[in-house]
Amino acid sequence: MDTGDLRSSYLTGLRDGAPFVLVIVPFATVFGVLSKSAGLNVLEALAFSVAVIAGAAQFTALQLMQDQAPTLVVLASALAVNLRMAMYSASLTPHLGHLPLWKRGVVAYLLVDQAYALGIVKYEREPEMTNGERFAYFLGTITPLCPLWYGFTVVGAVVGAQISIENGLDFAMPIAFLALIGPALRTGAHGAAALVASVSALLFAFLPYNLGLLVAALLGMMAGAEIERRREAA
Amino acid sequence: MIDRTELWIVIIGLGLGSFGLRFAFLGLVGDRPIPAWLMRHLRYTAVSVLPALIMPLIVFPAANDGQPEPVRLTAAVVALGVGFYFKNPLLAMVMGGLTLVGGLYWFA
Chain A
1 MDTGDLRSSY
11 LTGLRDGAPF
21 VLVIVPFATV
31 FGVLSKSAGL
41 NVLEALAFSV
51 AVIAGAAQFT
61 ALQLMQDQAP
71 TLVVLASALA
81 VNLRMAMYSA
91 SLTPHLGHLP
101 LWKRGVVAYL
111 LVDQAYALGI
121 VKYEREPEMT
131 NGERFAYFLG
141 TITPLCPLWY
151 GFTVVGAVVG
161 AQISIENGLD
171 FAMPIAFLAL
181 IGPALRTGAH
191 GAAALVASVS
201 ALLFAFLPYN
211 LGLLVAALLG
221 MMAGAEIERR
231 REAA
Chain B
235 MIDRTELWIV
245 IIGLGLGSFG
255 LRFAFLGLVG
265 DRPIPAWLMR
275 HLRYTAVSVL
285 PALIMPLIVF
295 PAANDGQPEP
305 VRLTAAVVAL
315 GVGFYFKNPL
325 LAMVMGGLTL
335 VGGLYWFA
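Just so you know, the sequences run in chain order A and B. Each residue of the first sequence is one higher than the one before, starting from 1 at the first, in this note's numbering. Each residue of the second sequence is one higher than the one before, starting from 235 at the first, in this note's numbering.
Everything labelled a hint here was simulated from the structure, so no lab data went into it. Any given hint might turn out to be false.
Claimed, not checked - Using C-beta positions, here's what the derived DEER-type ranges look like:
1) A:L211 x B:Q301: 21 to 27 Å
2) A:G132 x B:P304: 51 to 57 Å
3) A:L11 x B:P269: 36 to 42 Å
4) B:M235 x A:G132: 47 to 53 Å
5) A:S8 x B:I246: 37 to 43 Å
6) B:F320 x A:L211: 32 to 38 Å
7) B:G336 x A:G39: 28 to 34 Å
8) B:P302 x A:R15: 42 to 48 Å
9) A:V215 x B:P302: 20 to 26 Å
10) A:A18 x B:G336: 39 to 45 Å
11) B:G336 x A:V106: 42 to 48 Å
12) A:G4 x B:N298: 58 to 64 Å
13) B:G336 x A:R230: 41 to 47 Å
14) B:L307 x A:R231: 28 to 34 Å
To be verified - A partial selection of chain B residues facing chain A, derived with a Cβ cut-off under 8 Å:
15) I236
16) I246
17) L248
18) S252
19) R256
20) T279
21) V281
22) I288
23) I292
24) V293
25) A310
26) F318
27) N322
28) G330
Stated by the list, open to error - These stretches of chain A come out as covered by chain B in the derived footprint (C-beta under 8 Å, 3 or more residues):
29) 21-34
30) 52-66
31) 83-89
32) 131-140
33) 174-185
34) 217-228
A virtual CB, placed ideally from N, CA and C, is assigned to each residue, including glycine.
With these hints in hand, go ahead and build the complete structure from the sequences.
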């Protein structure tokens, strides 16, 4: 295999991933700031971002710990938020499943929303890519993102004290999530899933330990899947 | 205050669990097929879990003693609407944030 091709795949990935810096930096900063206001020190905030690299799940865990939810509920809810990663893993498997195990491990650790979205589009459009080129492209997309995710978590945790709840910081997470949900509502089934989950979350808000979240999410997924199934059957 | 033991259990458990979810198919299934019904449900996890998580925070914000509050509701509608219409998370985040900060500055 020609190393020049690997190099050019890596650079293409780097270029494709670069614009997402604009999403990663504010998101990581907000996580750092919220960690600080929840009483985490810089090392703890950084450990969170290094171990998990998944903003939405990190926000969820932080919020539920502040609500004094039991540890098992915190873990179950945050992992439910990350269930989509299993879907990413499944849909990349036909393209990357032939890589050596350690490379698949590296991809798994670094499998974030942006890298998945870029990778799957690229691999489907260019099926002639070699396994090595696919891996190089993936590493390229993640290179500008991952270090900044760690770095700006630290920045947020350091400057955190200067921003308080009166400035609307309590609402940073809902805004950030809504900004991700809007573009994800691609079909009627997606919209129905979101609607069912939203209404259920309010109806089941009385359940203890934030279990309403899990119930609502499950109902939303079932609604989306059922509508998709009926549409395909029709 | 978050308990330190709980915090580290969550950080480590969530790290391992997230890796497990990401590795599940890629590492263990290899290139065997995945059941269609499972994929169909997994496709809707993001659009189900994220709204379910934030909906109570939007409608019953703790900063307003759990009562619905017009500035926050407006900012939420703006963020969702801009994101849906322009398919651009960053723009949606900025517009929602500006609505929130501006609204709180002028009306609160």
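Hints, verified against the model:
1. A:L211 x B:Q301: 21 to 27 Å: holds (24 Å)
2. A:G132 x B:P304: 51 to 57 Å: holds (55 Å)
3. A:L11 x B:P269: 36 to 42 Å: holds (38 Å)
4. B:M235 x A:G132: 47 to 53 Å: holds (49 Å)
5. A:S8 x B:I246: 37 to 43 Å: Cβ of S8 (chain A) to Cβ of I246 (chain B): about 39 Å, so the range 37 to 43 Å holds.
6. B:F320 x A:L211: 32 to 38 Å: At roughly 35 Å between Cβ atoms, L211 (chain A) and F320 (chain B) fall inside 32 to 38 Å, so the hint holds.
7. B:G336 x A:G39: 28 to 34 Å: holds (29 Å)
8. B:P302 x A:R15: 42 to 48 Å: Holds - the Cβ-Cβ distance for P302 (chain B) and R15 (chain A), about 45 Å, lies within 42 to 48 Å.
9. A:V215 x B:P302: 20 to 26 Å: With Cβ atoms ~22 Å apart, the hint holds.
10. A:A18 x B:G336: 39 to 45 Å: For G336 (chain B) against A18 (chain A), whose Cβ atoms are near 30 Å apart, the range 39 to 45 Å is violated.
11. B:G336 x A:V106: 42 to 48 Å: holds (43 Å)
12. A:G4 x B:N298: 58 to 64 Å: holds (59 Å)
13. B:G336 x A:R230: 41 to 47 Å: holds (43 Å)
14. B:L307 x A:R231: 28 to 34 Å: holds (32 Å)
15. I236: Status holds, d = 5 Å.
16. I246: OK, holds: I246 (chain B) within 8 Å of chain A, min 7 Å.
17. L248: holds (5 Å)
18. S252: holds (5 Å)
19. R256: At about 4 Å, which falls below the 8 Å cut-off, the nearest Cβ of chain A leaves the hint on R256 (chain B) intact, so it holds.
20. T279: holds (4 Å)
21. V281: With a closest approach of 5 Å, the V281 (chain B) hint holds.
22. I288: For I288 (chain B), the interface hint holds, since the closest Cβ of chain A sits about 4 Å away, which is under 8 Å.
23. I292: holds (5 Å)
24. V293: holds (6 Å)
25. A310: holds (6 Å)
26. F318: Since the shortest Cβ distance to chain A is 4 Å, the answer is holds.
27. N322: holds (7 Å)
28. G330: With a closest approach of 4 Å, the G330 (chain B) hint holds.
29. 21-34: holds (count 3)
30. 52-66: Since three or more residues must qualify, the claim that chain B covers the region 52-66 of chain A holds, with 11 doing so at under 8 Å.
31. 83-89: Coverage by chain B holds here, the residue count being 7 at a Cβ distance below 8 Å.
32. 131-140: violated (count 0)
33. 174-185: holds (count 12)
34. 217-228: holds (count 10)
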